[in-house]
Amino acid sequence: MCINEKQMSGILRSVEKPGRYTGGEFNQIIKNKEDVRCRFAFVFPDVYEIGMSNLGIRILYNALNREPDIWCERAYTPWPDMQEKMKTYGLPMTAHESGDPLSAFDVVGFTLQYELCYSNVLATLRLAGIPIWAKDRGEEHPIIIGGGPCSYNAEPIADFFDVFSIGEGEEALPEFCRLYIEMKENGTYTREAFLHEIAKHEGFYVPSLYEVSYNEDGTIQAFLPKYDDIPTKIKKRIITDMDKAVYPEKLVMPYIETVHDRVMLEVYRGCIRGCRFCQAGMVYRPIREKSPDVLNKQARCLYENSGYDEMSLVSLSISDYSQLDELTDKLLTWTDDEKVTLTLPSLRVDSFTEELMAKISSVRTGGLTFAPEAGTQRLRDAINKNVEEEDLLRAVNIAFSAGKSSVKLYFMLGLPTEELSDLDGIAELADKVVSAYFKNPKRNRAKGVNVTISVACFIPKPFTPFQWEAQDSLEELEKKQKYLLERITNRRVKYNYHDARVSRVEAVFARGDRRLAPALALACEEGVVFDSWDEYFNYDRWMDIFSRTGVDPAFYANRVFGKDEVLPWDIIDCGVTRAYLWRERERAYKNETTPSCAEHCNGCGANCLGGENRWCK
Amino acid sequence: MVQVTFDGPVLEKPKTLRICFRKTGALRYISHLDLMRTMTRVIARVHLPIKYTCGFHPIPHLVFSAPLPVGAESPREFLDIAVLRELDPADVVALLNDGLPEGLAVEKAYFAETKLQAIAAAEYTISIHTPSASPEVAAFCGSLLQEKPIVVLKHTKSGDKDVDISPAILGVESGFDEREGDIVLRIRLRADSGSFLNPDYLLRYLSSQTGILQGSPLEEWYAVVRTHLYNENGQDFC
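The listed protein sequences correspond, in order, to chains P and Z.
All residue numbers for the first sequence refer to the working numbering, where the first residue is 1 and numbers rise by one.
All residue numbers for the second sequence refer to the working numbering, where the first residue is 1001 and numbers rise by one.
Hints in this document: simulated from the structure, not taken from any laboratory.
Incorrect hints may appear among the rest.
Here are the simulated SDA-like pairs of lysine to any residue, each with C-alpha atoms no more than 25 Å apart in a straight line [to be verified]:
1. K297/P with D337/P
2. K1051/Z with E338/P
3. K87/P with K31/P
4. K1108/Z with V1184/Z
5. K233/P with T219/P
6. K339/P with V1070/Z
7. K1157/Z with R13/P
8. K339/P with P1014/Z
9. K6/P with P1009/Z
10. K297/P with P1067/Z
11. K87/P with H1057/Z
12. K359/P with Y1052/Z
13. K439/P with K479/P
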């Protein structure tokens, strides 16, 4: 249906935040369609304000658009109120820059940041009029590609995607488009021929080219490539020299307020720590840093082109950056004059110093956040958090002395080897932080202390030492949440906890396999969307969908996977070896810590991927 | 790209520079807060030497004319900034236009003698497209808005309450656009900070009284344009 601008205006005025859909942002990239040989729609399967905050998309948008004949546009899943209007008035799902329907693109890419966005991926395809099953798509449809953290175990959505890009995409995605253009123009292109060809390139996983067989007990027997010229394992791609990696000089500037509305400066990739529950800490290895000079230049350029008054130094653990002092000193030579404030998320208590505090204390008041993750030293050792109680108390004292009065602490509940005494430890630790405040002579006496403890449920994730572990049952998780609630008696301590039912569904998809696809398709049929939003998540409906599609959620979430079992993500090689992960798991059960990469190379295997490898042996 | 460096002599006292810009096209869907953020950033990008608020987290000191309702267009809105150096307003216009989207283009900038608080009234043209539109319906809509009282449910700081908005309606003219088949209302509303009235209330009132604009947006639509801002003598504000 053709809708004129005046009619559209009525629709836009009837939905929440019409600025989500109108586009036209400063620094967006518009190209002449005549000059373009491959049109790529990059979809973030969540609402605009979340999608516009994602650093990965900013980087890849730039990496694709610097190629003159590739035009990458953005798209976001419309909020349910807009989805309703689109269905009522027959409006197609369109890309932001051109307003052209997604179905007319050569390639539609989805970034898969969290498992609970899967329902949005399917809903978005459906709004675009593109068949959700890969096997139902023909030559007239775009190629559907996925990437991002969830592609490390893409099996639950494997039947909906034509291909996945595994690992870092700055070089891989332009290469992908180049092959597409080449085959289109030399006449060898068919969907099938292209997918077969791209599967031979490093870092591309074409699920339809692999046959999965299952054992009688429901576990996977094997992944078999259908052709001899297809790799048996897909090796992740990385950028070896971060200083030379393409980085956006201009940021698309949203008009409406987004979640992270600031300059995000990516300082390094990877993590030296090796917390045993953490997927990002494993799959983004090896560690590769950018140099302070390059970062300072990029920061200045991004500021000049955006006018943002806040800059966030982004990495998995910023205080582990080996040249943090040098970098912050360089930045502070101009950020104060330009009234730009620096923020450092992901601070670790053991490397949080007074000097660092002084550098960021010019930022607006507001609290500091630390993540001890577990309440006792025994459990922190078991998960390899390598943080001591005294580190935490020292860190909060630095903050209190500098006038801060609110501290947020992240914990996890349901971790492997956890006992009730570990939960007691969470409550006790929060109490100790409160009393540290009152004992601190330099504290801000005008304010009372606020300690917020935010407790997430442990979810076993692929490519972590805890990938084999079972998640506690829903009943156990809820019982533990209630137990902790009763332990927290201090009125200065605020206790937040995540809905355990959400974590359970996330666990099912995190370790799921291809047999979950019918459940996702049925969910799409029934209009399930925005599972990551409390107001839309419905546990009972998911359980009903699982039972109607023959899925036993406990098989994926609450089962201890076998040491030698074929795991759904065994098809992927993320660099870190299975032997290393198992070794780390065994150490966990002995409450043994493993030193960080900066202290000692532990032989995780990621150095085989290349890269700067400052610490790898 | 325009290159200008603002290195003129520092003024003894900051001067008020008035920037006249439009808000049209897709930009009419952004809120007043969004507009403030957008302007703050473009001013930082071009390094205008302007006064910042004091305090822990300084932000540029910007004063805007009365907010436009989301969805309404305007050919001329005003933004006052306090500049700290001698500069040529034409340079400011060129630089800002370089960094602003088409829908927020700056028309002119000048050193202002007046204050934005002197804005007393605003005039809006409201076009309503509805299948039942006729010169008679248009006249009827016009007469409805001239009755007293006009009670609407108003959203205020102390909650929603019934308020008579008729004292804020300074003038109503109705007409009929034969070519488009639209009801056209020209309405003058109070716009001083104490009694600013959002024209959306009038549309809601008309809709509830006549049943128009309750159907599908494919058959019924409306547009709001703020055509003028006036001072208390009824002259165009500048």
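Hints, verified against the model:
For the suggested pair K297/P and D337/P, the alpha carbons sit about 16 Å apart, so the restraint of at most 25 Å is met. A hinted pair counts as satisfied when its Cα atoms are at most 25 Å apart, and K1051/Z with E338/P qualifies at roughly 13 Å. About 29 Å separates the Cα atoms of K87/P and K31/P, which puts this hinted pair outside 25 Å; it is violated. A distance of roughly 29 Å separates the Cα atoms of K1108/Z and V1184/Z; the hinted pair therefore is violated under the 25 Å criterion.
For the proposed pair K233/P and T219/P, the alpha carbon gap of about 19 Å is at most 25 Å, so the pair holds. Annotation: proposed proximity of K339/P to V1070/Z is violated, straight-line Cα distance about 30 Å (limit 25 Å). As the CA atoms of K1157/Z and R13/P are separated by approximately 23 Å, the hinted pair is consistent with the 25 Å bound. With a C-alpha separation of about 19 Å, the suggested pair K339/P and P1014/Z falls inside the 25 Å cut-off, and the hint holds.
Straight-line distance between C-alpha atoms of K6/P and P1009/Z comes to about 49 Å, which puts the hinted pair past the 25 Å bound. With a C-alpha separation of about 38 Å, the suggested pairing of K297/P with P1067/Z is violated against the 25 Å cut-off. Restraint check: the Cα-Cα separation between K87/P and H1057/Z comes to about 45 Å, which exceeds 25 Å; the hinted pair is violated. At roughly 22 Å between alpha-carbon atoms, K359/P and Y1052/Z fall within 25 Å of each other, so this suggested pair holds.
Only pairs whose Cα atoms come within 25 Å are accepted, and K439/P paired with K479/P is rejected, the gap being roughly 34 Å.
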